[in-house]
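First to last, the protein sequences are chains A and B. Using our numbering, you'd call the opening residue of the first sequence number 1 and step up by one each time. Using our numbering, you'd call the opening residue of the second sequence number 1 and step up by one each time.
If you're looking for bench data, these hints aren't it; they were derived computationally from the structure. Built from N, CA and C at the ideal position, the CB exists for glycine as well. Wrong hints could be hidden among the right ones.
Claimed, not checked - For the chain B half of the interface with chain A, some residues (derived, Cβ under 7 Å), not all of them: (1) P54; (2) L56; (3) C241; (4) R273.
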Amino acid sequence: MSRGGADLSVRIGPLALANPVLVASGTFGYGDEYAHVLDVSALGGVITKTVTLEPRAGNPAQRIAETAGGILNSIGLENVGLARFRSEKLPKLRALRATIVASVGGETPDELVRLLEALGRERGIGGFEINFSCPNVARGGARYWALPRRLERTLARLRPLTRAALIAKLSPDVTSVADLAIACEQGGADAVTAVNTFVGMAVDLDAMRSRLGRATGGLSGPAIKPLALARCHEVARAVRIPVIGSGGIMDARDALEFMAVGAAAIQVGTASFIHPGAAAAVLDDMREFLAARGFASLAAWRGSLLEPGVSAQGLPRAAHREVPRRRAARRRLARRA
Amino acid sequence: MIAPAAEWIQTRARVRAQMDAGSGHQWLELVVPQDFVAPEPGQFVQLLIESPSPVLLPRPMSVASVRERPEGLTLGFLYAPVGAGTRGLTRLTAGEAVEILGPLGRGYPLDQPGTPVLVAGGRGVAPLIFAAQELARHGASHAPRRSEFVFGARDERHLVGLDEARRELDAVGGRLHVCTDDGSQGLRGNVIAALDALEPRLEGTPVIHACGPHAMLKAVARWALERRFSAYLAMESVMACGTGVCRGCPLPRSAARRAAFDASATPSLWGNREYAMCCTEGPVFEAGDLDWEHVE
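The following block holds chain A by itself, in its conformation from the complex:
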């Protein structure tokens, strides 16, 4: 970004992002649908709809049910499949000069390996977000991937297949999301996304059945923000790799909360359904917020609430410096080990 104000750039492993605002997988199509509404090249990155080896039809109606402050969805990973993603969707996204993060999903580690073998060295893909957390499929969903050893081994197999960033997207519906994040880090992930949707349910009392085609769905939107924020905080304290915060971010203030608890970057998801230009607004308002408070860079803001007892009030510069120092200490420890 050439505009003035705070330096918003951020690194996710090998991937340099101009700013920390990404759009969440499944909420922005393949990137071109909203291209006439906002400049997708100005965003930190576009995370595509999850791609699987074969096309998937997705789940039958109903796929959407609005609940108090949230949306339940049961899409079921509907997507065009690897071949059409490569031949049709990727070229369009490249032409828009977006920073592309391809979301990939598989029912087994082998499927993910085959996807990365096919796409790992594809020009223009800056990163891969591995969808380890879909709540709406019978196989290869959040439950299947909620095993630390499975995550670690799978990522270790994926790691050599690409030089692009490897990001693991985690489910919040687990005993310890921090344990999964640590496993991803050990497997070689460059970052983790915390978190995907929460499993939820709603009943139609007139029809006496679920308001979705399947019994449950994934809950997103403002309803989950405090829950997601706590998971993000937990993960940020547990790993050294960058954490990408996600869950109910509707505006810049929400985004800055995630960054204050340690997120290196954030994802705007459900907000794009309501305002297609939401991600661009988050970015503009974030810049304005930081400028108004005199922050020269986002790095100074990031993690300002990560240490217990540290408040963002009154620009606690010392506290901000605490975070990199602690990280350096950890790195030294890691080298010794």
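Starting from the structure of chain A, add chain B where the hints point.
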């Protein structure tokens, strides 16, 4: 089929009027800014009450009228406040602002050669009032085509929008065929009974444009398919985005129109199905597009 508007926008519209349309229905009129593309009959918009809104998502609303007025392009909506979102819309009063995103989806191909037969069920009449308006408008410049309008409802009270439909039809010399389940007005029976009665009197090949409950649309689609008549049905779905991004409004595609999915090769939890999105491929579908057996 009419191509979807390439460039929908999200902007602010101003409420011009809101009034009681009878039997629990409302008529809402919005003035949209100049850069808002005029919708085609059958297309829809997403309406979002400005903060604080009682609901999170915008609500998809079929356009019932488009008029050029001195204050700008005016869109009319006929709706029933059945949920929190639509109840919220009833509280909008003249002069207030509302966010509008559109126009969205594909409309009715009214330029198809043949006799337009508009078939409405209950408040599904909304896009067909607009279709009749559009036929009347074109009738002024082109050779007018006689059109038929079949309007069915539970009872007399639920023939909401009948006067508007009649007014538009008079302008184009169209004929109105009313039917009610209880016989309180017009023919006693449903729209299929009315279509059966109309069939021998049709001039030329009919092209059906319909909107109503899915059960009615299923019956109309089958009626037309049996006779090899063209039929275009405006479908309904719960939606999130309305723009094709969320994949939230699936309708089962007919076997003949499946493309991406090889029945033998595509594993799917729900059998080998393929879905069309109501928002971008519809809401108006050709009868042969959908697998009516599995339309809910």
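Here is what the structure says about each hint:
Residue-level restraint check for B:P54 is violated (minimum Cβ-Cβ distance to chain A is 10 Å; threshold 7 Å). Because the closest C-beta pair between B:L56 and chain A is about 6 Å apart, less than 7 Å, the hint holds. The beta carbon of B:C241 is positioned within 7 Å of a beta carbon in chain A (closest approach about 4 Å), and the interface hint is therefore held. Restraint check, B:R273 versus chain A: the minimum CB separation of about 5 Å is within 7 Å; hint holds.
Comparing the model with each earlier hint shows a violation of hint 1 alone; every other hint is respected.
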